[in-house]
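Quick note: the sequence shown uses the working numbering, first residue 82, plus one each step.
I should point out that these hints are in silico values taken from the structure, not numbers from a laboratory.
Hints are not guaranteed to be accurate.
To be verified - Taking CB as the label site, the calculated pair distances span: (1) V125 x I98: 39 to 47 Å; (2) L113 x R134: 29 to 37 Å; (3) Y93 x F128: 52 to 60 Å; (4) W129 x F109: 28 to 36 Å; (5) N100 x F128: 38 to 46 Å.
The beta carbon of each residue, even a glycine, is placed where N, CA and C say it ideally should be.
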Amino acid sequence: MKNSEPKSCDPYVDSLIRNADAKEARAFLKILKPLPFLIVIIAVFFFWVSFSRLLSQVA
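Using the sequences and the accompanying hints, generate a full structural model.
If you want it as structure tokens, here you go:
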């Protein structure tokens, strides 16, 4: 038995807690996977907006 495992009198409750933790972790990973692409898209968008504003000021 590991110390990190949830402890309760009922093994069924333990398995429920473990399953919930696993589901949360999987959902979190699903959110994290596309995050770098999202950051790049947002950065490019902001760069493009600021660049076009700069060009419109110069012109």
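We went through each hint and held it up to the structure:
Look at V125 against I98: about 42 Å separates their beta carbons, and that is inside 39 to 47 Å. L113 and R134 have their C-beta atoms about 32 Å apart, which keeps the hinted 29 to 37 Å range intact. Between Y93 and F128 the beta carbons are some 53 Å apart, a value that agrees with the proposed interval 52 to 60 Å. Restraint check, W129 to F109: a C-beta distance of roughly 30 Å satisfies the suggested window 28 to 36 Å.
Range check, N100 to F128: about 43 Å between beta-carbon atoms, so the 38 to 46 Å window is met.
Figure legend: structure checked against the earlier numbered hints; every hint is met.
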